[in-house]
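K.L.:
Here is what each chain is made of, one letter per residue.
Protein chains: 2
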Amino acid sequence: MELEHAFGVVLKRHRKALSLSQEELALRCNLDRTFIGLLERGERRPTLKSVFVLAQNLNVSPSDLVREVEKQLTQDS
Amino acid sequence: MELEHAFGVVLKRHRKALSLSQEELALRCNLDRTFIGLLERGERRPTLKSVFVLAQNLNVSPSDLVREVEKQLTQDS
Numbered sequence: 002m003e004l005e006h007a008f009g010v011v012l013k014r015h016r017k018a019l020s021l022s023q024e025e026l027a028l029r030c031n032l033d034r035t036f037i038g039l040l041e042r043g044e045r046r047p048t049l050k051s052v053f054v055l056a057q058n059l060n061v062s063p064s065d066l067v068r069e070v071e072k073q074l075t076q077d078s
Numbered sequence: 002m003e004l005e006h007a008f009g010v011v012l013k014r015h016r017k018a019l020s021l022s023q024e025e026l027a028l029r030c031n032l033d034r035t036f037i038g039l040l041e042r043g044e045r046r047p048t049l050k051s052v053f054v055l056a057q058n059l060n061v062s063p064s065d066l067v068r069e070v071e072k073q074l075t076q077d078s
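Residue numbers (this note's numbering), protein chains in the order written: chain S, 2 to 78; chain B, 2 to 78.
Derived by calculation from the structure, the hints in this document are not laboratory data.
Heads up, some of the hints might be wrong.
Simulated coverage check for chain B against chain S, where a stretch passes if three residues somewhere in it have a Cβ under 8 Å from a Cβ of chain S [to be verified]:
1) 23-34
2) 37-46
3) 62-72
Cut-off 30 Å, straight-line C-alpha distance, at most; resulting in silico cross-link-like pairs (DSBU-like, lysine-lysine) [said to hold, decoys possible]:
4) Lys-13(B) to Lys-72(S)
5) Lys-17(B) to Lys-72(S)
6) Lys-13(S) to Lys-50(B)
7) Lys-17(B) to Lys-13(S)
8) Lys-13(S) to Lys-72(B)
9) Lys-50(S) to Lys-13(B)
10) Lys-72(B) to Lys-17(S)
11) Lys-17(B) to Lys-17(S)
12) Lys-17(B) to Lys-50(B)
13) Lys-50(B) to Lys-72(B)
14) Lys-50(S) to Lys-72(S)
15) Lys-50(B) to Lys-72(S)
16) Lys-72(B) to Lys-13(B)
17) Lys-72(S) to Lys-13(S)
18) Lys-50(S) to Lys-72(B)
19) Lys-50(S) to Lys-17(S)
20) Lys-17(S) to Lys-50(B)
21) Lys-13(B) to Lys-17(S)
22) Lys-17(B) to Lys-72(B)
23) Lys-13(B) to Lys-50(B)
24) Lys-72(S) to Lys-17(S)
25) Lys-13(S) to Lys-50(S)
For glycine and all other residues, C-beta sits at the position ideal for the given N, C-alpha and C.
Go ahead and model the full structure; you've got the sequences and the hints to work with.
P.N.:
This is the structure:
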């Protein structure tokens, strides 16, 4: 699994855990809903800045989010 | 301190700890030396992909690198 896809899986998992729609998360983050969808499908490369903004609005630390991405990559490789 | 600057400080610290020049790190990562310099000065936004590639070549996990960036941000704010 590529990094972008692993990030998408983790992002979607956290969003769903908070029962947020893509639109609600986008509003919280001041990002475009389309961008959230592209990230979740692994079709965009997030910047570190996006990772920090998303993590903050998902009530998780950026490093914990990245650790989950590492695990997701190992799990599916 | 902005995120990009915090990342630059952490990146430079790890590179120096391994006694690598910017050029040597760039070669290891298959990135441009100029890009490493821009990142270290906080003049470029790294993608999550760049963070993973750099971390791998600095013998640190991406999540640990990101945790150091979080600390750097707290320390200097």
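K.L.:
Please verify the coverage claim for the stretch 62-72 of chain B: does it have three or more residues whose C-beta sits within 8 Å of some C-beta in chain S?
P.N.:
holds (count 8)
K.L.:
Take a quick look at whether Lys-72(B) and Lys-13(B) sit within 30 Å of each other, Cα to Cα.
P.N.:
Distance ~15 Å between Lys-72(B) and Lys-13(B) Cα, so the pair holds.
K.L.:
Just to be careful, I want the Cα atoms of Lys-50(S) and Lys-13(B) compared with a cutoff of 30 Å; is the pair within it?
P.N.:
Within the cut-off at roughly 18 Å; holds.
K.L.:
Given the hint that Lys-13(B) pairs with Lys-50(B), test it: the Cα-Cα distance must not exceed 30 Å.
P.N.:
Answer holds: Lys-13(B) to Lys-50(B) is near 18 Å, not above 30 Å.
K.L.:
Hey, Lys-50(B) versus Lys-72(B), does the alpha-carbon distance stay inside 30 Å?
P.N.:
21 Å, holds
K.L.:
Take the C-alpha atoms of Lys-17(B) and Lys-13(S), compute the straight-line distance between them, and say whether it is at most 30 Å.
P.N.:
37 Å, violated
K.L.:
Compare the distance between the alpha carbons of Lys-72(S) and Lys-17(S) with 30 Å, and conclude whether the hinted pair is satisfied.
P.N.:
Since the Cα atoms of Lys-72(S) and Lys-17(S) sit roughly 19 Å apart, the hinted pair holds (cutoff 30 Å).
K.L.:
Hinted pair, alpha-carbon criterion (30 Å max): Lys-50(B), Lys-72(S). Please report holds or violated.
P.N.:
Between Lys-50(B) and Lys-72(S) the Cα gap is close to 15 Å, so the pair holds against 30 Å.
K.L.:
Against chain S, does the stretch 23-34 of chain B show at least 3 residues with beta-carbon separation below 8 Å?
P.N.:
violated (count 0)
K.L.:
Measure nothing beyond the straight line between the CA atoms of Lys-13(B) and Lys-17(S); if it is 30 Å or shorter, mark the hint as holding.
P.N.:
Violated: Lys-13(B) and Lys-17(S) sit about 37 Å apart, past 30 Å.
K.L.:
Between Lys-13(S) and Lys-50(S), does the CA-CA distance stay at or below 30 Å?
P.N.:
18 Å, holds
K.L.:
Given the hinted pair Lys-13(S) and Lys-50(B), is their Cα-Cα distance within 30 Å?
P.N.:
18 Å, holds
The structure shown violates the earlier hints numbered 1, 2, 7, 11, 21.
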